[in-house]
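J.: Sequences are here, hints too, so could you generate the full structure?
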Amino acid sequence: MADPSEQRWLEALWGKSASRGGGRRNLLLAHMLDTAAVAECLWDRFLAPVTRRSVDEIAGGPGKGRPFFAWLCGVHDCGKAVPAFQFVDEDCARLVWDAGLQWDRHRVARQPWRHDKAGAVLLRRCLPQAGWPVEQIDWVWPLVAGHHGTFPGRDALYLRPAALRAVQGASAEWLRAQEVLLRVFTEQLGYRTVAEVAPVEVPNRALQLQLAGLVVMADWIASNTTVFEGLDELAKTGIEQSRRRADRAWRELGLRGGWGTRPVPGPEAFRDRFGQDMRPAQAMIVDVARRMPDPGLMVFEAPMGEGKTKAALLAAEILAARFGADGVFVGMPTQATCDPMFSEVRGWVAATEPGLEGQVALLHGKRRLNKQWRALLEATGEAPMDDYCVPEDDAQYGMVATEEDSGAPDRLVPAEWFLGSKRGLLCPFVVGTIDQLLFAATRTKHVMLRMAGLIGKVVILDEVHACDVYMSQFLEEGLRWLGQARVPVVLLSATLPPEQRERLINAYVSTHVQPSTPEPVHPPRGYPSVTAVSVGSDGNVREPIVEHTGSWRPDQHVRVSVVDETPHQGRTAADDAENAVADLIADRLREGGCALVIRNTVDRAQATYRMLARRFGRDQVGLLHGRLHAGDRAERTEDNLGRFGPDPAKRVPPGTRWILVATSLAEQSFDVDADLLVTDLAPIDLLLQRIGRLHRHNLAHRPTPLKTPEVVVTGLCRRGAKPPWLVRQSIAIYGEYLLLRSAALVIEAEGGQWRVPSQVPELVAAVYDGKPLSVPRAWVEAEHAAYVDYQRRQEERIANAEPFRLARRGEEHSGTLEGLHVGAHREGLGEQQFQALVRDGAPSVEVALVHEGDRGYSTLSGRRLGVNGDVAAELLDEILAATVRLPQSLTTSAEENLRPLPGWHGHPWLRHTKALVLHNGRSDVLGKTVTYDSTLGLVVNPR
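Per the numbering used here, the very first residue in the sequence shown carries number -17; after that it's consecutive.
Here are the computed lysine-lysine pairs in the PhoX-like style, where the Cα-Cα straight-line distance is at most 25 Å:
{"id": "1", "residue 1": "Lys353", "residue 2": "Lys632"}
{"id": "2", "residue 1": "Lys896", "residue 2": "Lys348"}
{"id": "3", "residue 1": "Lys753", "residue 2": "Lys704"}
{"id": "4", "residue 1": "Lys292", "residue 2": "Lys353"}
Label pairs and their in silico Cβ distance ranges:
{"id": "5", "residue 1": "Ile715", "residue 2": "Thr874", "range": "18 to 26 Å"}
{"id": "6", "residue 1": "Ile715", "residue 2": "Thr548", "range": "19 to 27 Å"}
{"id": "7", "residue 1": "Arg524", "residue 2": "Leu858", "range": "47 to 55 Å"}
{"id": "8", "residue 1": "Gly805", "residue 2": "Arg87", "range": "33 to 41 Å"}
{"id": "9", "residue 1": "Glu481", "residue 2": "Val849", "range": "56 to 64 Å"}
{"id": "10", "residue 1": "Gly702", "residue 2": "Arg524", "range": "47 to 55 Å"}
{"id": "11", "residue 1": "Arg592", "residue 2": "His683", "range": "30 to 38 Å"}
{"id": "12", "residue 1": "His887", "residue 2": "Val451", "range": "39 to 47 Å"}
{"id": "13", "residue 1": "Gly844", "residue 2": "Gly508", "range": "57 to 65 Å"}
{"id": "14", "residue 1": "His887", "residue 2": "Arg485", "range": "40 to 48 Å"}
{"id": "15", "residue 1": "Trp79", "residue 2": "Lys218", "range": "20 to 28 Å"}
Hints in this document: simulated from the structure, not taken from any laboratory. Glycine included, C-beta positions come from ideal geometry on N, C-alpha and C.
T.: If you want it as structure tokens, here you go:
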């Protein structure tokens, strides 16, 4: 193994001190071998088949990938064999010094030098000596330099020669000890020499990023001092011992992968999974998934209610079986849409393999409010671990093992390890907001873990049209990396602008073409449609597949009406506008029926509700918006799904009225069937999404005045040849340009009809293609001015996103990860800050509402809390249900003034939850008067 002097060095060099190694010093060689053994477990029990094939190719052929992957993971900490690291623990340092490895204490103490950078310097010295080709060294050293979360540039590896010699170790003893460590570690893995390890292919950057994430994953598992106790005897250190330790750790932590290798589902799969036959559009996407020559991107465009999600899940299952993916990530537009999808995906995964549904994770900032997720966690006894940004020094990389017996029944949720900070995407199956993918496209710390969680899966993204220009920068960046890794991606949309479709396709294939602007893909000629592009193993983009079919149901002829809203010169004008809406609703619902009224802001929704409630009575009018606390919002959502649903037992009885006033919450994934839609003007794609709530089901009974579906557009006022007046709140949200062009289509159609869904692509293209509209000259001038402002804003938002994109513009064809994080955001970001980062807005704050009176704290219903706000187990649901998101205008004040109650510190679900304490039903602590009304929800007024 080594001569006596070399053995003394190996027995002295330490990787974990006793204080950070579970009470016992851990040898550096032991930790490197432990990490390599964990990597072998990852290879055998976690990595997707496609990943194993890719690493085999990198390493030189079948069977060579596994030892290379183990070596790559284990070598990450070789940089701890330097004076700068070995001197930091006094007790451990004494042993190293006595073994003949010494240093200048003053120089080493003065010069900071991280062991990740030291490892890169060590490999850049030793690997050329071993005969490694330069191009292989150039991609390997950044993985070692970046294993603490950021990839430095080459300049960061340079110090003044004297300083570098002091901290890196330049004596003959140090140089030889480092070489011995690398040699012995390499031999333990079955290689004869370090030269034999050298890979034969340079992976693309996406695969390098995936490997970097897997290195971090292996390191974090091997750093768990509960299952990897310190090992300070060289005689007991070896790969076989480490393999036994790794196997025990793997079983105790309950880790596992997803599908593995499985057959392609047959033609009966859709009925087996979902209990129904496929519709034509669903059959189309499933057929294309079977015929795609290589992994690629599928864009599935179909109307609301067509069953896109179920078809996408089966398509993902087929793509995974064909191309070796091991799981699925389903990205939804909002947290609210994630929750029902979590239940659906669990059911689908269970249908593919009973028991595997326990590997489905829910990943968004409010998952603690999801009762199903919490119940599954509590039934399994897992800790919630919803702190998204925990400290990350070496002592905290490993998580505490669970106490469960390895022979326990099937898990209800993924292993606790997967539930820690930044690890959620590593679960085999994940349902989360699209933000999770956007985070993976940001130049932030530990981004490699996020990307490693996506590569090896099939990625499904729903409602991609909802990504604005700022979010689209990260979506397109993510697609570039996924495309380079040849990850199968399925994008879903009902109203995707043609230009956006083209940008998304181009992003996916851009790293495989030179220059990075590929040939345009012809748009589909019908609707519903599928556009598929794929990339071969040779990097060539295959001939695209573009197909369309008919919808499962015939077109609806939707009548378009306009109710002008007089420009507000005071309260009277606003009342007149609301009264006009009320008169129209009264007329249309004269024989009963359900009306959905969508306002663009919470304030407008609350005002409309007040007026309609006065007119029709509170028993006939409901209100749903984002400033309701979680309990009220969930209860009202469920209630209205029944009132507007197809079940006669729950739907509003014939001859009675029900009016729901809502915000854009009702725009997406809100499965209701309205007899009448009244909506504020919005960009045409969003307007059509809202129209998708009209006559959604084939009901046996619909009131005579409502036999024809009708959309009534408000929030504007026609002014003859002049451009229409638009509600300023709508302009603030959507901008004037898209609203003016959408208004032109609405006014042109007023009194006529739109054919839905067949006319949807035509209407969307008319607004977004920028071609002239047939409007009066004065309107054209206003539109041009709005366009100039629109372009300026778009360019500003693109520029604002640029510093945070994972790769700088122009670096798409760079060969390694060197310098990826140069200039990156260095601060730790919590979930709210991350969301603001990828959504271009001030972070909003979520608070829990509690009362405080003479007798102390209580819930909103009056149930007493402890003296410090302590929450008994039976009251937890009530506190969590009372959480509400504050308007962004209150963010700064909330961050400065609100804290968790003293009794919430250390509580697994509440320790990060800010409390908004109401005194006599109100709070003035945020600079405004904030009240919570049981009907209106959160109300904010000037103090």
